[in-house]
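For the record, the sequence lines run as chains A and B. Residue numbers for the first sequence follow our numbering, beginning at 8 and rising by one. Residue numbers for the second sequence follow our numbering, beginning at 128 and rising by one.
Treat the hints as calculated values from the structure; they're not laboratory data. Idealized CB from N, CA, C, for every residue including glycine. Keep in mind that a hint or two might mislead.
What the hints assert, rightly or not - Keeping only pairs whose Cα atoms sit at most 25 Å apart, straight-line, the calculated SDA-like set for lysine to any residue is:
no., chain 1, residue 1, chain 2, residue 2
1, A, K60, A, W20
2, A, K221, B, A316
3, A, K221, A, A128
4, B, K157, B, P176
5, B, K157, B, A316
6, B, K183, B, A316
7, A, K221, A, A140
8, B, K157, A, V75
9, A, K221, A, V142
10, A, K221, A, N94
11, B, K157, A, A128
12, B, K157, A, R73
13, A, K221, A, R73
14, B, K157, A, A74
15, B, K157, B, N147
16, B, K157, A, R141
17, A, K60, A, R141
18, B, K183, B, L140
19, B, K157, B, Y144
20, A, K221, B, G193
21, B, K157, B, L198
22, A, K221, B, K183
23, B, K157, A, A127
24, A, K60, A, F14
25, A, K221, A, E123
26, B, K183, B, A136
27, A, K221, A, D126
What the hints assert, rightly or not - Example chain A residues on the side facing chain B (calculated, C-beta under 10 Å, incomplete):
no., residue
28, N24
29, G25
30, V28
31, V62
32, T66
33, L168
34, L177
35, F185
36, G213
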Amino acid sequence: MGVIEWFLDPANWTGENGIPVRTWQQIEISLAAMAIALVIALPVALTLGHLRKGVFLATNIGNVGRAVPTLGVLTILASIPEIGIGNLAAILALALFAIPPVLTNTYTGLAGVDDEVRDAARGMGMGGMGILARVEVPLAVPLIAAGIRTATVQVVATASLAALVGSGGLGRYVVDGFALQDNTLIIAGAILTAALAVVAELLLAGVQRWVTPKGLREQSRAEIEVQEIPVATH
Amino acid sequence: MLVTLADAANPWLSWTYVQNNWEELVAAGKEHIFLTVGAVVLAIALAIPLAMLVRKVPRLSGPVLGLSGILYTIPSLALISLLWPVFGLSPWTVIIALAVYGLLVVLRNIVVGLDEVPSEVLDAANGMGLTTRQIATRVSIPLAMPTILAGIRIATVSTVGMVTIGALVGYGGFGTLILSGFQNNFWHAQIFTATLCCVLLAVVFEILLLLVERLTVPWTRKQAG
């Protein structure tokens, strides 16, 4: 059966192994991983960025993430008896890899707020929390959004590896295809995982633009481009 | 820390494992280095002419960089799978797939590095009577070199990690050991040792390439300090 016939076959669009279910599984795994990553990375980065402490950690954590193979972390977590094979191992592994981009970008965004601006806010009678919430975070939104976008796209793409440790998701087709020596299944799965990652990237690029305050859009673009040299680790 | 997780029958760290499987580990290491270097060298070889094209036709710069930003989101699992019917179970499937990612980073850094050369410097070189070729080889390229080398370093380190996915087609270096250890009843020692070796290899490449950067563009060190 050819790849086009595979996509046209209604049987592949329904049931537990159908494309909608598999796609949703991958999105679910990704959302859970991002939720964990944000709950950990944002408070740490906001605190460090506000206090201007921990530059070394914030800027180098990404290098560590790059050097550690995702496959290794996935299989290590899935082989811990308390975690086991399945979605939990994938969610935890993906969350670990999503933390560095969010942490680094949020920190850089906060640390980049001019001292004069902070002094002015303090002069207006704002306390530490007020400065953070009403001055620093709004000014750092472009970079924070860029970090979350980079992390999310990376997580959605990497989630296809979760199938290697027995999770659901679109990677299932590829892994099952290799196990069954079924070329059609391999190609169809590859097309689906690639398409989902690209759609996530395009969608989030739009969201990022939308959440960026109007006044910061043009001004911050050059700055964001430099921060955001894309590096694939998936 | 991880030792506490280990049970006696299936430890995470085991010197006996390393001793008994030394030859297998060395073979996996050699394959890992071969695949990494192959992918990065191919990436650089493709990035240079493409960068020259983008410099010649600046209109291409936006689309090429934009397209590269989208292409890099494609998971390596998908790219390796798409190439596998063409190249089969061969190292080329892995090398070519990973070269695509390396290419994007290296190309981007060459273009960004050359764009960042201040126009005053180029004007000065022009005023001193340097030809276009001399400006390129003596002014633009040396000034862009730190950015280009950083791109090559980042591409290399991330390639070391992604080589492991090549295990899917039987050429994954340490990745093949990780996956077979996992499939072999969660053999902790093999999974953990192979992952550790992979991280070590990435660190060694990082240090080697940082050394190359210091030797070839020593002026950046003063700047950084």
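Comparing the hints with the structure gives:
no.	hint	result
1	K60(A) / W20(A)	violated, 51 Å
2	K221(A) / A316(B)	violated, 54 Å
3	K221(A) / A128(A)	holds, 21 Å
4	K157(B) / P176(B)	violated, 30 Å
5	K157(B) / A316(B)	holds, 20 Å
6	K183(B) / A316(B)	violated, 53 Å
7	K221(A) / A140(A)	holds, 18 Å
8	K157(B) / V75(A)	holds, 18 Å
9	K221(A) / V142(A)	holds, 16 Å
10	K221(A) / N94(A)	violated, 39 Å
11	K157(B) / A128(A)	violated, 58 Å
12	K157(B) / R73(A)	holds, 21 Å
13	K221(A) / R73(A)	violated, 33 Å
14	K157(B) / A74(A)	holds, 18 Å
15	K157(B) / N147(B)	holds, 18 Å
16	K157(B) / R141(A)	violated, 54 Å
17	K60(A) / R141(A)	holds, 20 Å
18	K183(B) / L140(B)	violated, 54 Å
19	K157(B) / Y144(B)	holds, 19 Å
20	K221(A) / G193(B)	holds, 22 Å
21	K157(B) / L198(B)	violated, 29 Å
22	K221(A) / K183(B)	violated, 34 Å
23	K157(B) / A127(A)	violated, 59 Å
24	K60(A) / F14(A)	violated, 52 Å
25	K221(A) / E123(A)	holds, 22 Å
26	K183(B) / A136(B)	violated, 63 Å
27	K221(A) / D126(A)	holds, 24 Å
28	N24	violated, 18 Å
29	G25	violated, 19 Å
30	V28	violated, 19 Å
31	V62	violated, 14 Å
32	T66	violated, 13 Å
33	L168	holds, 6 Å
34	L177	holds, 9 Å
35	F185	holds, 6 Å
36	G213	violated, 13 Å
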